[in-house]
Each structure stands twice: as C-alpha cells, then as structure tokens.
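Trainee: Kindly generate the complete structure, drawing on both the sequences and the hints.
Order-wise, the sequence lines are chains C and A. The numbering of the first sequence is our numbering, which starts it at 12 and goes up by one. The numbering of the second sequence is our numbering, which starts it at 19 and goes up by one.
In case anyone wonders, no lab produced these hints; they're calculated from the structure. Treat the hints with caution; some may be incorrect.
To be verified - If you want a taste of the chain A side facing chain C, the calculated C-beta under 8 Å gives, among others:
{"no.": "1", "residue": "Tyr66"}
{"no.": "2", "residue": "Val70"}
{"no.": "3", "residue": "Phe119"}
Predicted model only: the values in this text are computed from it and were never measured. For every residue, glycine included, the Cβ atom is placed at its ideal position computed from N, Cα and C.
Residues per chain are reported as follows:
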Amino acid sequence: AQSVAQPEDQVNVAEGNPLTVKCTYSVSGNPYLFWYVQYPNRGLQFLLKYITGDNLVKGSYGFEAEFNKSQTSFHLKKPSALVSDSALYFCAVREYGNKLVFGAGTILRVKS
Amino acid sequence: DGGITQSPKYLFRKEGQNVTLSCEQNLNHDAMYWYRQDPGQGLRLIYYSQIVNDFQKGDIAEGYSVSREKKESFPLTVTSAQKNPTAFYLCASSLTGELFFGEGSRLTVL
Chain C
12 AQSVAQPEDQ VNVAEGNPLT VKCTYSVSGN PYLFWYVQYP NRGLQFLLKY
62 ITGDNLVKGS YGFEAEFNKS QTSFHLKKPS ALVSDSALYF CAVREYGNKL
112 VFGAGTILRV KS
Chain A
19 DGGITQSPKY LFRKEGQNVT LSCEQNLNHD AMYWYRQDPG QGLRLIYYSQ
69 IVNDFQKGDI AEGYSVSREK KESFPLTVTS AQKNPTAFYL CASSLTGELF
119 FGEGSRLTVL
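Mentor: Structure follows, in structure tokens:
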C-alpha cells in the first residue's frame, strides 16, 4: 500500500525566513504526490503536485516542492515565510483507484 | 462559481440517531469522496465513487452509508452503528488526479 509520513507535528519559523515542511513516501511504482493546506475549520486547498518531470515543482502562493527519488522525499518549501502561511499542511500520495492517502499533517507557525 | 458545497456546516446529533451530510458539486467531476478528519490522524477515507450508481468502501466504512444517484451529489449517512461519529467530515471530487474539497461539516454527538 502507498503511504506518506510527515515526521514533524509542528514547524516554527520566523517571518521572512525560508520554511521547509517534510514528507517522505513509500510506494510501489511511480509516485504521484500532492501537498494541501488547511486553515482552521475549512476544507483543504490544493497547493501542488508531482506526477513526472522536473524534480522542483512550483505551486500556489509561492510554495514549491522538491522531489527526491533517492531519499523518497517530497519536502514543501517557501523562500520567505509569511504570518498568513500559518496553517496545517498535508502531504498525500495517490493510490489505486485514484484515491489519495494523506499524512497526519504538520502545523506550520510563522511568527512575526 | 464552480465548486463543492457541503451542508450543514455544523450538526449536533443525539446518540442513536442517523444523520445525513450533503455534498453537491458543479464541477462535472466523475469521482467523489468522503473523508473523516480527527485531530492528529490526518484524513481517512470513508467511501468513494468513481461513477454514478457505483461506490466503494474506503478504510473506515463501518457505520456509514452513501448513495450516488446523480453525478452532482454524494450524500453521506452517519448511522447509529458508528461508535464514535464526532468528527470533521470532508467531501471531495476529482477529474484528473488532485482532489478539490468542500468546506467540511462538523458533526458533534451529544
């Protein structure tokens, strides 16, 4: 079965500093990977996806993710964090039947 | 505007009652999904449907039921058999891979 792991429950970063939210995956075959963001009491918003091609994927709101096959990782990055980036972030992998399997989530706190 | 509408946003239920959560989409997506979210556990798949009149159980289907009579609609019924129904429920739809989510329904059992 496909799975993803988010090793950090929470990430703290100062506004203006670069941020990284980590995700590792375990799949059979080629991975289809996704990042979503969730604000309190809201649904999830799609940020970006990796299907194939360039290892650096650019997404919404200035976020990008780096796919690393040798380390089985798909870390979410942003060069300069904003206070408004504070939210819950989910990594996900596509499974058979076009279903998504989600990680447990990482809380990002950006302090001014 | 195109999107996914879930209702109600908040719902309170007494133990032993069935409740139905509504999910409607006007994105013309074939696939629809129901996930349950609990703190610290991420999202878990309850049911999904790839086409009208067909649906499959997800990882935690016990105590839930669904129907898919129309492409636009995928209601979820939380039955009295669900032992711990208090949670945030999210509906999603998909056409080419990524899921688009509604705003969620928060169910609280009193």
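Trainee: All the hints need checking, so say for each whether the structure fits it.
Mentor: Hint check:
Satisfaction of the interface hint for Tyr66(A) is found here, the shortest Cβ-Cβ separation to chain C being roughly 6 Å, below the 8 Å cut-off. At its closest, the beta carbon of Val70(A) sits 16 Å from a beta carbon of chain C; the interface hint therefore is violated under the 8 Å criterion. For Phe119(A), the suggested interface contact is upheld, since its CB lies about 4 Å from the closest CB of chain C, less than 8 Å.
Checked against the numbered hints above, the structure breaks only hint 2 and satisfies the rest.
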